[in-house]
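Enquirer: Each chain, written out:
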Amino acid sequence: MAGIPLPEARVRECAVSDLAIQVTGLTKVFKVWKRPSDMLAETFSGKKRHTEFRALNNVSFDMQKGAVLGVLGRNGAGKSTLLRLVAGTLEKTAGKVKVNGRIAAILELGTGFHPDYTGRENVVLGGLCLGLSKKEINRRFDEIVEFSELREFIDQPFRTYSSGMQARLTFAVATSVDPDILIIDEALSVGDARFSLKSFDRIQNFKKRGKAILFVSHDINMVNTFCDQAIMLERGELLGAGTAKVVGNAYHQLLFGHGRQLGWTPAASEESDDGSTAADLPDEEVVAGARDVTTTIEEQSDVPDADSAVIIPFAGGHDVSDERAPELDVADGPAKIVSFMVRDESGKPVTRLQNRAYYEFVVELTSPVDVQNVAVGFTVRGPRGIELFSSDTILQRQPVLPKLSADEHAKIVASFRNVLAPGTYFVTPFVGRADGLKHHELPDYLQLSVEEDPGVYNASLVNLEMQFRFVKSLSKVG
Amino acid sequence: MSVLALVNPIANVGALWGVAYTMFKHRGLVSAMTGRELTDRYAGQVLGGAWAFIAPMLTMTVYIVVFTFIFQGRLGEIENPAAFTAYALCGLAPWLTMSDVLSRSVVAVVSNGNLVKQIVFPVEVLPIKVVFACLPTLGIGITAAVVAAAISGVMDWERLAIYLPAVLLSYLFFIGGLAYFVSSFGVFLRDLKDIINFILGIGLFLNPIIYPPGGAPDWLQASFIYNPIANMFFCFHYAIVGGVNPPNHAWIVFPIFAVVVFMLGWRAFRFLKPAFGNVL
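In the order they appear, the protein sequences are chains A and B. The first sequence runs 1 to 478 under this note's numbering. The second sequence runs 1 to 280 under this note's numbering.
In case anyone wonders, no lab produced these hints; they're calculated from the structure. From a predicted model like this one, the values you see are computed outputs, not experimental measurements. Hints may be right or wrong, so weigh each one.
Partial pick of chain A residues on the chain B-facing surface, computed with a CB cut under 7 Å [stated by the list, open to error]: (1) Ser37; (2) Met39; (3) Leu40; (4) Ala87; (5) Glu91; (6) Leu128; (7) Ser133; (8) Lys134.
Computed list of lysine to aspartate or glutamate pairs in DMTMM-like fashion (alpha-carbon distance at most 25 Å, straight line) [said to hold, decoys possible]: (9) Lys117(B) / Asp180(A); (10) Lys273(B) / Glu52(A); (11) Lys134(A) / Glu37(B); (12) Lys25(B) / Asp178(A); (13) Lys31(A) / Asp191(B); (14) Lys34(A) / Asp191(B); (15) Lys134(A) / Asp40(B); (16) Lys96(A) / Asp180(A); (17) Lys117(B) / Asp116(A); (18) Lys117(B) / Glu121(A); (19) Lys193(B) / Glu42(A); (20) Lys273(B) / Asp38(A); (21) Lys117(B) / Glu234(A); (22) Lys117(B) / Glu52(A); (23) Lys135(A) / Glu37(B); (24) Lys117(B) / Glu42(A); (25) Lys47(A) / Asp191(B); (26) Lys273(B) / Glu42(A); (27) Lys25(B) / Glu136(A); (28) Lys25(B) / Glu121(A).
Positions of the beta carbon are idealized from the N, C-alpha and C atoms, including for glycine.
Next comes chain B alone, as it looks inside the complex:
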């Protein structure tokens, strides 16, 4: 695949069409498999589906407690603890959702090897179902962040109404593209799930998720400009908490990056898909 093929506009727009078509054509399958993915995860547990709500809330609480009371020196420009909670929540929600999507989509195709090999099955559905099954985490986290922001008085509803949909839409493209990338490469590179765990482990600290960008050392702050994922958090933070002024280019960098990831992810998946049968 030459570099020129990567920017082929027809192929890239085709990716948008391809995903939309898959979701529409197999909507019954997508919804059934999403439901399955959600219920299977907590099947047989006493609290059942309630874990879908409890688990992300617990994780977020832990992070917030740790960063408010243990590492409080790094709060930087945010003084108000309620505002900090809102800030941390609106960083953690997309971060945890992304971690979820990555760690589950890396095995999405591999673990459904029998479907891929044995029946005429639309494999494209698998990453989509993973993304959908992770959305409750995002919804819960974002809602909690909005509530916290409203309580702490940093909420600007007008700003929220304009910027939150924009960042959420870009975010969906982004995690969708990641899911396609990771699920197809994961078939051939089985180590990918461990690599991803490692990247997720350090990523939490290399991005302005639970600390304000101003609290980071200078070299790290300088890297945020070139880090599209840091730009994603700037956008989320600006939409919900405001206050911290994001660099203006964040609103250009992140949406474009997200759509590019989406298109290339889909195309990588389609490119590798015929070879799935050879290694599964």
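Next comes chain A alone, as it looks inside the complex:
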């Protein structure tokens, strides 16, 4: 056991003065005991009574002062473990965490807040928990209330607040601590758009003053807006680091892209270049191949070009987004969709689109027997399942594929200008028959997201791209 306890165990000094956080080879292995008492029993008897779970494996990254670093990853990827290790609320197994300055963390909404206390009492208690003195809290109280816009609710119990209001108060208190390093875990995602904007301003302000912010979210748009840099975790491994935009795109591919079109490590793209069909390789191997590579993503550098990456293994069951249930597929006829992708003008497969840019849907068909009059179409659904667009070659009065011979592969390319407003959309490709039935349909097969764009208000689904003119009235009425 150590000697005299350090005055402030959480404030660790660091020699490299412009680094806020330096994480080297950080590993966390959770020992899983069936019961908490097994842990004590193991300590005293020395007999192993646990199983191990590797939540974080050899993760390294640096964070500059004045940087906002986004941490992306699916549920269970190790994001929260990483934050807790950096914050010091969890003990690491191996590696180093150097933290340069005072940390404040909002690791969960309303932490340190008691549901039965009023907002006012919670501001005081929450501030104290985060290390402010009473005097400091009194001085900042008005500013906190002002920022959270809860003036008229401040004397009501915290539990009566909506989750958005709770988030506002939590955020206002945590940021009023004026830490050198701020850790935010999903806390902002419940606020409304206006509050997000205010939070954004405050985070910008932090940045300007050389503070570091570690920001965790599932929401790529949020990370894109708030962060300069981002890292991405998957199954405890650091999959990549780079600018927020690039990592955001890669993460989106990981979530919703299919199979091998990821192509964002040299190892993976080489394999698709040599023409081997990705369907043969389980997804696992692709990830394993990427593991040992230093994964700093560079913009577009190693994305395979369209022709080498179009065969997408949705039939192999190694679909990255395993939410999709193949039993929903409609298959009334012999013709089949072999692959489907969205690509941009340069031919690069994408799942994140820009508003007002041009894209192509590419469908590849085949059939074991000859079929006549094949129609190809797409349905685009909005966030709440609203059908925004559904049409096919026949309705759009486009040339119909008169005949698809047995075992012939046909590729249909549908180009369009993206008028979808920022948000998430699902695309269903289908092959229709002349009698109205469908040969094959893949419901909500691909999820697309359209990037944040100031052109339209948040709730818009489409951008009608209006041209405004100012017309002077020629004569006064009356």
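Given chain A's structure and the hints, the job is docking chain B onto it.
Expert: Only chain B this time, still in chain A's reference frame:
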């Protein structure tokens, strides 16, 4: 942890420094959380904070009535009922306070799991706040004991002025150490709160709290010498009621024991603290 590490003087003195530092650095938090602990306990009740006074008084009254009128055969060397009341009060006050501290600190860290896990929070504050929140019980009981002793005429003010501060100081170290021990072990051993309830249940009868040591059977009397907690009651009784002569070694045994418990309790807490996050 080897046996030698247990007696490491630097680490043990560091414990004193550590607690003092925590209390000073987080004094705002300590006082706010203590206040919360006190008011939360009786929140929403008609009598509210008055229960902090009424509850220990009622308990003590019950014990005194039971032992004065029902089990009166065991009074031993104390004949005067007023003196017996003073005697019982000054045993019950530290006993009830200790029970309170133990049963509340065993869940202090566990029930604040979200603070421990989610924010950079000085966990060391939690046992301290429990101890402070239990002090009103001690204050009320000791005051009542002093008043009863004065009325019954067994009070020696000079003796009180010298010995009461000494025993109270030792006692604070003792319950502070217990709180640190119990709150940290309670995280890993969730049964601890039931074990403690059991020990508290029999402890009341195995220690000279409401009966004079002379009233106990011989085997029990013999155990008092080796029982540091019995020595604690000897000290309390001597300071307030006098009369019953404590074995002289009580004034050596108890303060040393209290400080040792305090130091080891703090060190156990600090030793286990990094692992809290793993099981909460």
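Enquirer: Give me the numbers of the hints this structure contradicts, sorted from smallest to largest.
Expert: none
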